[in-house]
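Going down the list, the sequences are from chains H and A.
Here the working numbering is used: the first residue of the first sequence is 1, the next is one more, and so on.
Here the working numbering is used: the first residue of the second sequence is 531, the next is one more, and so on.
If you are wondering where the hints come from, they were derived from the structure by calculation, not from laboratory data.
Mixed in with the good hints, there may be bad ones.
[Stated by the list, open to error] Listing some non-contacts, in silico: residues in chain H with all C-beta distances to chain A over 12 Å:
1. Gly88
2. Thr167
3. Leu232
4. Thr448
5. Glu453
6. Pro514
[Stated by the list, open to error] Simulated pairs of lysine to any residue, SDA-like, Cα-Cα distance not exceeding 20 Å:
7. H:Lys317 - A:Asn636
8. A:Lys617 - H:Arg512
9. A:Lys541 - H:Pro305
10. A:Lys620 - H:His300
11. A:Lys617 - H:Ser162
12. H:Lys159 - H:Ser85
13. H:Lys344 - A:Glu641
14. A:Lys640 - H:Thr304
15. A:Lys640 - H:Asp320
16. H:Lys344 - A:Phe624
17. H:Lys363 - A:Phe624
18. H:Lys289 - A:Asp616
19. A:Lys541 - H:Asn161
20. A:Lys617 - H:His300
21. A:Lys553 - H:Asp320
22. H:Lys344 - A:Tyr637
23. A:Lys640 - H:Ser338
24. A:Lys541 - H:Lys363
25. A:Lys617 - H:Arg124
26. A:Lys620 - H:Leu362
27. A:Lys640 - H:Ile343
28. A:Lys617 - H:Ile297
29. A:Lys617 - H:Ile309
30. A:Lys557 - H:Ile343
31. H:Lys357 - A:Thr619
32. H:Lys317 - A:Ile542
33. H:Lys317 - A:Asn638
34. H:Lys363 - A:Asp616
35. A:Lys541 - H:Ala308
36. H:Lys446 - H:Ser338
C-beta atoms are modelled at their ideal positions from N, C-alpha and C, and glycine is treated no differently.
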Amino acid sequence: MDIYIIISFINGLVAIIFGFLIFSKNWKNKINYTFFLMSASFALWSFSYSRWLSVNTALEALFWSRMLNFGATFIPIFYLHWILSILGTTKEKKRILFFGYALTLIFSLFSFTPAYISSVAPVRDFPYWPQAGFLYVIFLVIGYFGLVGYGLKELIKAKKNSDIEKTHQINYVFLGSILGFGGGATNFPLMFGIGLIPPVGQLFVVLFVIIFALATLKYHLFEIKLILTELLVFIMSIIIIVLFFLMPTTFLKILIGIIIILFCFFGYYLIRAIHDEVSQKEEAERISKMKTEFISIASHQLRTPLAAIRGYTSMLKDGDYGDLPDPAEKAINYIHESSVGMIKLVNSLLSISRLEKGQVELKFQDVSVDDLLKECIKDIRLVAEEKKLNLKYKILSKKIPLIKADPEKLKQSFSNIINNAVLYTVKGGVDVSLNKENNDIIVQIKDTGVGIEPEEQEKMFKSFSRGKGGAELYTQGTGLGLYVAKNFVEMHSGSISVFSEGKNKGSLFTIRLPIQAILDSRHKFNFTDK
Amino acid sequence: MKKILIIEDEKILSEMYNFKFTKEGYKVLTGMDVEEGLEKIKKELPDLIILDILLPKESGLYFLEKRKNIPGASDVPVIVLSNFDDKETKEKAFQLGAKDYMIKSNYNPKEILEKIQSYLK
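Kindly generate the complete structure, drawing on both the sequences and the hints.
Spelled out as structure tokens, the structure:
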């Protein structure tokens, strides 16, 4: 029984601390103050629970058991109000809330009457367990299971339309709800004289407040990881300390003492390591988000003046403003070409910002890789001919099956690599081949161009990364083509790799696409890996 | 003479398209925002509308919606010409009856003119 007194006291303490913490963070916010109200009623329940188990007379026990149930009566409605505040649907659901509050008010008015708690009676090891009156049964059905169940239903409904972060947040709230209300519910059978199972759920109830507090502050998952680690270390410490006092001999006490010291030492380093990891990841995420937002805004703003430069110079070129003197015509051509180049760059930046925001969606259909490669080669053939390069394409396998893919994205990937091969090759040629190997389709692009130094090969696929040799040869490259190609290929569950013996020794790019790909139409990228 | 209404708040772009289309023999009307655009079509129905999305006050989508209250205006083809390249906006524009959604910077006035001609055939 003592353990229940201690645990309930800890529950109350944690609830009130977290409640105030959240409230003080921003007390005007509806999510925060509803959380505070829920924590306060939770604390009243817990402290009264602890007190009720400590008293020695039936009369005192009856008073405190009524007090604890008075606190418990408010938990479901504050919980529901808090859930609806998180989901932003309090206005839509104001009738339900009104109904819940009215009902709670009625129950609370009867909290200290026999209609709610009729008496106290011995159940299991507890001498004074409160016994439910008829009103309490109604509270359990409508208040406890009804309001809480409605909150859970709303959570599940909201999950369908939520983004990944929100979905995780909802998952945690859901887990907390099950632990908290499920744990709390283990008290109820005893209120009807059924003592088959002890109220062990009481031990989990503390997790409910902590998990909810995290979700309220819209903590990221990493922070939840941190707090859960801290909590684990805390619980383990309590267990070891209790063990210390329970040990019968001095020798065992010393042994446990050593374990406590070691545990504190490792526990501290574990928490610190996770804390550092959290800070680093958050910083990386913040920077990446800022970068993506910046690119997106800058690109939109850049497009308008570029449209004007492109438009007016094209009209000057077309003679819409009359004939131009020769030198001017050349100058106008340069301005026009530069503006078109700049527009391509802006478009690439926008593609990347979409990729990094996870906004790129694939439209899958049956695709012939052979057809796509032929189209890519047709598009660049003129440039290759002008450069007197030998551009060849061959199919090495007899039968190449169709694959489920987004033709536009796949074509862009192939075309980025084939175009690079042509642009970065001065003499010789480019060989494109298509093959089937086991369950994969293999596309290889081999050139006799500038090659890539071994130390550069890995970073070639990062955004804004360009090989030294390539940058010298073709100054207008953006360093985005391979990055986009890699992401698109990976969205098709494929892979892309490069091999080059070094500078001026050509390159070989290999794209591997599974015939039976695991299709993921909305791919979320982990920026920190890039 | 076919009439084209350009709803565009960027003066230099509006002038550019106006010049090109007028030169090719079209009568061009212009509006700087949704309100002006709606007033123009109330007075005189054009044969085609070029519509920007990011406009002062209401967006181009609002124009697409409101034009339905003006008799005959729903039958006038609307080409959205905007630098705002957002999937949802595009979908919404098509739902509201836009015939095309072109990114301004990706096309020369001549190419836009060809597109217009294909709708005015």
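For each hint, the structure was consulted:
For H:Gly88, the non-interface assignment is confirmed: its Cβ lies about 20 Å from the closest Cβ of chain A, beyond the 12 Å cut-off. No beta-carbon of chain A comes within 12 Å of the beta-carbon of H:Thr167; the shortest separation is about 20 Å. No beta-carbon of chain A is positioned within 12 Å of the beta-carbon of H:Leu232; the least distance is around 43 Å. Every CB of chain A is more than 12 Å from the CB of H:Thr448 (nearest about 34 Å), matching its label as outside the interface.
Taking the minimum C-beta to C-beta distance to chain A, about 36 Å, the non-interface status of H:Glu453 holds against the 12 Å cut. Chain A leaves H:Pro514 outside its interface by the beta-carbon criterion, the shortest separation being 27 Å against a cut-off of 12 Å. Our distance criterion of 20 Å between C-alpha atoms is met by H:Lys317 and A:Asn636, whose separation comes to about 17 Å. In summary, the hint linking A:Lys617 to H:Arg512 is not supported, as the alpha carbons are separated by about 30 Å, beyond the 20 Å threshold.
The straight-line distance between the Cα atoms of A:Lys541 and H:Pro305 is roughly 11 Å, inside the 20 Å bound, and the hint therefore holds. Our distance criterion of 20 Å between C-alpha atoms is met by A:Lys620 and H:His300, whose separation comes to about 15 Å. About 18 Å separates the Cα atoms of A:Lys617 and H:Ser162, which keeps this hinted pair within 20 Å; it holds. With a C-alpha separation of about 15 Å, the suggested pair H:Lys159 and H:Ser85 falls inside the 20 Å cut-off, and the hint holds.
As the CA atoms of H:Lys344 and A:Glu641 are separated by approximately 17 Å, the hinted pair is consistent with the 20 Å bound. Distance check on the hinted pair: A:Lys640 and H:Thr304 sit about 17 Å apart at the alpha-carbon level, within 20 Å; holds. A distance of roughly 10 Å separates the Cα atoms of A:Lys640 and H:Asp320; the hinted pair therefore holds under the 20 Å criterion. For the hint linking H:Lys344 to A:Phe624, the alpha-carbon distance of about 25 Å lies beyond 20 Å, and the restraint is violated.
Annotation: proposed proximity of H:Lys363 to A:Phe624 holds, straight-line Cα distance about 18 Å (limit 20 Å). For the proposed pair H:Lys289 and A:Asp616, the alpha carbon gap of about 18 Å is at most 20 Å, so the pair holds. For the hint pairing A:Lys541 with H:Asn161, the CA-to-CA distance comes to about 41 Å; that exceeds 20 Å, so the pair is violated. For the proposed pair A:Lys617 and H:His300, the alpha carbon gap of about 14 Å is at most 20 Å, so the pair holds.
The suggested pairing of A:Lys553 with H:Asp320 holds, with an alpha-carbon distance near 8 Å, which does not exceed 20 Å. In summary, the hint linking H:Lys344 to A:Tyr637 is supported, as the alpha carbons are separated by about 12 Å, within the 20 Å threshold. The straight-line distance between the Cα atoms of A:Lys640 and H:Ser338 is roughly 18 Å, inside the 20 Å bound, and the hint therefore holds. Pair hint A:Lys541 plus H:Lys363 does not hold up; C-alpha atoms about 38 Å apart against a cutoff of 20 Å.
The suggested pairing of A:Lys617 with H:Arg124 is violated, with an alpha-carbon distance near 64 Å, which exceeds 20 Å. For the proposed pair A:Lys620 and H:Leu362, the alpha carbon gap of about 16 Å is at most 20 Å, so the pair holds. In summary, the hint linking A:Lys640 to H:Ile343 is supported, as the alpha carbons are separated by about 17 Å, within the 20 Å threshold. Taking the CA atoms of A:Lys617 and H:Ile297, the gap is near 16 Å; set against the 20 Å cutoff, the hint holds.
Between A:Lys617 and H:Ile309 the alpha-carbon distance is near 26 Å, which puts this suggested pair outside the 20 Å criterion. Between the alpha carbons of A:Lys557 and H:Ile343 the distance comes to roughly 30 Å, so the proposed pair goes past 20 Å and is violated. Only pairs whose Cα atoms come within 20 Å are accepted, and H:Lys357 paired with A:Thr619 is accepted, the gap being roughly 17 Å. For the hint linking H:Lys317 to A:Ile542, the alpha-carbon distance of about 18 Å falls within 20 Å, and the restraint holds.
The hinted pair formed by H:Lys317 and A:Asn638 meets the criterion: a straight-line CA distance of about 11 Å does not exceed 20 Å. Restraint check: the Cα-Cα separation between H:Lys363 and A:Asp616 comes to about 17 Å, which is no more than 20 Å; the hinted pair holds. Restraint check: the Cα-Cα separation between A:Lys541 and H:Ala308 comes to about 10 Å, which is no more than 20 Å; the hinted pair holds. For the given pair, H:Lys446 sits about 30 Å from H:Ser338 by alpha-carbon distance, which is inconsistent with the 20 Å threshold.
In terms of the numbered hints stated before, the structure departs from hints 8, 16, 19, 24, 25, 29, 30 and 36, listed from lowest to highest.
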